[in-house]
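Here are the chains, one letter per residue:
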Amino acid sequence: MDAQTIHGRLLERFGERIRAADLEAVDPWIEVSAASLPEVCLYLRDRLELRFNMLHCISGVDYFEGDPQRSAETGWQPHMQLLYHLSSLVYRHRLVLKVRLPRWKDGVAGELPEVPSVAHVWRTADWHEREVFDLSGVRFTGHPELRRILCPDDWEGHPLRKDYRAPDEYQGIRVR
Amino acid sequence: MDAVCWHSVFFLLFALAACGFALAVVVSTNVVRMAFSLVLSLGAVAGLFFLAGADLLGGVQLLVYLGGTMLLLVFGVMLTARGKAAEMKTTPGWWLLALVVGGSLLAVLWQAAFSVDAWSTPSAGATQSQAARPTAAPIGLALLGVRVDQPLGEEGGEPVLSGYLLAFEIVSVHLLVVLVGAAYLARAQRRPGTTASEETAPRTPNSQLPTPNS
Amino acid sequence: MAEYLTQYADPRLANVIAALVHCGLLLAVAVGAAAFFNWLERKVSARTQDRLGPTRVGGRFGWLQSLADGIKLLAKEDVIPAGADSPLFRLAPYVSFSAAFCAYIALPFADGWVARHLNVAVLFILAVAGLEVFGVILAGYASGSKWSLFGAMREAAQVVSYKIPLALCVVVPVMIAGTMDLVAIGNMQRGWLTNWFLFHDPFTFVTFLVFLTCVVAGVNRSSFDLAEAESELAAGFLSEYSGFRWALFFMAERASMVAVSGLAAILFLGGWNGPLPVATWLHLVPESGLLAGWLGNLLGAGNFLFKCLVGVVFMMWLRWTLPRLRIDQVMTTCLKYCVPLAAAMLLGAMLWTYALPGGLLPGGRPIGEVPEGSAAVAASERGGR
Amino acid sequence: MSFERIDPDLVELDVGMDEILINVGPQHPGTHGVLRVLLRTDGELVLGAEPYIGYLHRCKEKIGENLTARQFIPYTDRLDYLAGMNMNLGWALVVEKLLGLEVPEKAKHLRVLMCELGRIASHLVAAAAMGLDLGSVTPFMYCFRERERIVDLFEAACGSRLTYNYITVGGVMADLPAGWLERCEAFCNEFEQVIPELHAVLTGNAIFIGRTAAIGVLSPETAIDFGCTGPVLRASGVDWDLRRDGEPIYTRLYDGYEFRVIAETEGTYPGAKRHPPVPQAAVVGDSWHRFYVRMLETVESLGLVRQAMARYRDSESPCGEPVKLTQKLPKGEAYLETEAPKGQMGFMVVGNGTAVPWRVRIRSSSFSNLSVLSELCRGGLVADVTAVIGSLDIVLGEVDR
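Chains as they are written, first to last, in my numbering: chain A, 1 to 176; chain B, 1001 to 1214; chain C, 2001 to 2385; chain D, 3001 to 3401.
Rather than coming from a laboratory, the hints here were simulated on the basis of the structure. Careful, some of the hints might be misleading.
What the hints assert, rightly or not - 30 Å max Cα-Cα, derived BS3-like pairs, lysine-lysine:
id: 1; chain 1: D; residue 1: K3097; chain 2: D; residue 2: K3062
id: 2; chain 1: D; residue 1: K3062; chain 2: D; residue 2: K3273
id: 3; chain 1: D; residue 1: K3273; chain 2: A; residue 2: K98
id: 4; chain 1: D; residue 1: K3331; chain 2: A; residue 2: K105
id: 5; chain 1: A; residue 1: K162; chain 2: D; residue 2: K3273
Stated by the list, open to error - Quick look at which bits of chain D chain C covers, simulated, 3 or more residues with Cβ under 8 Å:
id: 6; region: 3025-3032
id: 7; region: 3096-3104
id: 8; region: 3115-3125
id: 9; region: 3198-3207
Virtual Cβ for every residue (Gly too), placed ideally from N, Cα, C.
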């Protein structure tokens, strides 16, 4: 099933909760609202003609430009984007789900943005969400055990955020 | 060199080791060290047997007591003795009780040891009188089914086989059954995945079977 | 030997000298075997793996490799972990080594060439060899590491279990011979190959295979080396040991490998008797005079050591070829296969000797009858080399 | 009297002991690197196994945000350092996908050739390490002896033995040197005769079967649920291989090549007649099958290497020109997974119009394959943990990135 049809199905089922789509991109993507993500995922997974039974990857992309001059050229507001790469081993079709999040929850710096976990839909999401939380700083609500996975538990900050500054010291050891 | 009797030297060595390690069992507070001291003590006793020319007894002592019983004991100690259980403090009350029991046993042994004429008076060759003294041999043989204290039947007649063998075997089988039963009762039953840390958020399974591609 | 010395010296002094000589010889055998087999294991493993192994130390074949290894081990830092039970940790290697070494006391190398002639030598060796496990258990406990503890628990369970089939297997040749005296058992197999207990009847043959299995498990060699299991337990009871103490464990393992191979050789493979009665043809028997008897014994000792070598190489071959068993498989092998098989073989051998006392071949002799010219009785009187 | 068990879920254990927590790793011979697995055991029984990772985390994704696309190639070598060629290819292809680039025919054959050799090398290490995990040292040496020859070939082609930096955006770095194909041909012929040896010491060995059969059984549903890919997924009986089922830009490489996807379908493996039979005790999805699939794939890859050599000889085109170091990337994201030896290796590159990617994302196959570990180890024995880790064939450089 091609991205066009899938998009149609999703629009039909979820209406305006499907925010945007680019079906002509290198990898066709469909953007959904954060709140409806688990519902959409369950639909994609369980719908007999869709059956996206494998989640490949969850990636967090931080759209933030610290340099004000270049920031003006970017053409986007600072935001955080999550990408879910799905595929169906049954029908061999692929899809990219996107979720757009604020960089900080309610605009308060330091408060991580939240998105519902899909660890109960695909268990791949368990570790991948931990990784996104660890490196990109997104809080997945409803995740069974959301803690850092690659960085040490007492690490500060989320390294893949564009405004991240690596610490000079970690536990008394120079790291720069 | 003439004055040295090597036999006695080794006897003293083994005897001292046996007693010393036996004392160490009592004094030590660490269970594993206790067990190991007991191993050494029993090993020294085996050495005494070898010294006395009782090779079979020495071998059996090593095989049964050290290789069997003590090994199981040490194994059990290792399984259970972790953390606090490894240290054993003896209260004064226990000391007192142990002194009374141990002391009385010592007294009996002392009396028994020095009541042998040959020992108290080494010069007197009193081996003949020793043979007449009551020993544990009859009861040991009776446990094997031979009653030496009763006259044998006439040749060709009914042999007297009224030892304690049957009772002995019944008791030993009974003990075995008890051991097996105890082991069975001690078995743990557990449901897999019931520990709290394994609980995960309720989830609906991703249950569709992939149809084989072809 | 003590008797021989008595002619020249004070009997007490003679005894001391004889004891020291015996002790020294055995120690030389045990340690020499450890060194030799260390080198040999390197070579065997290398050849198994399509490598060369040591080639440089000491010139050709790297025959001095063991020495280099020994020096390296001695030069290593002696580490005792902070959490260890220090006295027991120090003691454990000695326990292991002395237990392995003690087995040599009763092991005859040829007719009458034995440090102490025991009439219950089989029992003694079994008992003493079983004590090696205490060193392992102590090491495992005293290291204060969970890996070591795991190793020790595995070792204890394994050794306790394998003792049963091992003893049952040993009973078979002992029963056929009617004695536990290893010198006598060895002499009974004098003559042709067919006199070896291995070929006494089909049951002894199977018993030998079970015996081999149990022995490999008993000395903790792969594929029964669960107490070490470097890929699972990170060397198990040996995790925390280094340097000389580790070397002691190593030597204990080697020494007991040789000892059990020797036991197998005497119980099943004719001991110091070759496949052909060469010594008799050459009249190298004690009856032909002291020197002839001595030469015959030298030949016999060579025979015996060769059989030990074969046994040890067999164990090496196993180790470098097979994967390791799991603990439940080890237990299953023991309790489900070895014990019933050994028991059945015991029964079978018993019935066989009852039904066919002279064996299948004509001219066989009934069991328990020591062939003519045996030095067993004489040796028991001589009591030494 | 009936002996029905009251509760079928109830597991009877030996005499219950205290639970012990044991750290397997980060330094442990059975964990294939700096993996730490926290075992909760009752005696020898494993009640839980929780992997802790990150000991080899080298901020690869962050590094990618500071380098141009071609500069990042050497860093991909250090992901799955046992199959650097395949990592190079994954990154090169995803950048080509974003750029809309197509490489010449000859470069494609070279890529197939190198990647399939890399797959053989990686599978050899997997077999070797699994044997070692089970206490069998000799197969390790056999496998490494063969791998060494592949590494020699790589060295002759690109000058490096571990981190190749060979397959690059726009093609490959250099054409093959003279005499290379003959050496490779010789290797193929000789390696073919070694495979039965490996089967003899491992695949068919009774103890090996006893240690791996029905151990760590991974059902196809669980495998897909956890995102397991590669041999781990195929050993569970899922017929899925990106070389055949992947995106066109990747499958185009294999156009015209003949190979079989190794997965048990309808009870048999393709081409299984030439290999030792599946033992009775083995269950689809267990450790033995994972091992077996790799061994069979090695043979398939050998066939692909031969085909690639033949087609390379026939192709006349140049072997591709690497793009400029400062090649600008268009705006947009591209994500591509390739069939690496350990599983599906995914790269995502987000371009913003400059030469340096805005974001680099690496989807590691070992990462997902490892996440299923606790599921597979629970209820097994301590010794099974190493067997399962060995059969999953993880590389920590790839897990931790």
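Distance restraint between K3331(D) and K105(A), which requires alpha-carbon spacing of 30 Å or less: With a Cα-Cα distance of about 27 Å, the restraint between K3331(D) and K105(A) holds, given a limit of 30 Å.
Would the pair K3097(D) and K3062(D) pass a check requiring their Cα atoms to be no farther apart than 30 Å? holds (21 Å)
Count the residues of the region 3198-3207 of chain D whose Cβ falls closer than 8 Å to any Cβ of chain C, and tell me whether that reaches three. holds (count 4)
Within 8 Å of chain C (C-beta), three or more residues of the region 3115-3125 of chain D: With 0 residues in contact (Cβ-Cβ under 8 Å with chain C), the coverage given for the region 3115-3125 of chain D is violated.
Assertion that chain C covers the region 3096-3104 of chain D - criterion: three or more residues, beta-carbon distance below 8 Å: violated (count 0)
30 Å limit on alpha-carbon distance, applied to hinted pair K3273(D) and K98(A): violated (47 Å)
Proximity test - 8 Å, beta-carbon atoms, the region 3025-3032 of chain D to chain C, at least three hits: holds (count 3)
Compare the distance between the alpha carbons of K3062(D) and K3273(D) with 30 Å, and conclude whether the hinted pair is satisfied. violated (48 Å)
If you draw a straight line from the CA of K162(A) to the CA of K3273(D), is it 30 Å or shorter? violated (56 Å)
Violated hints, listed in ascending order, are 2, 3, 5, 7, 8; each of the other numbered hints is respected by the structure.
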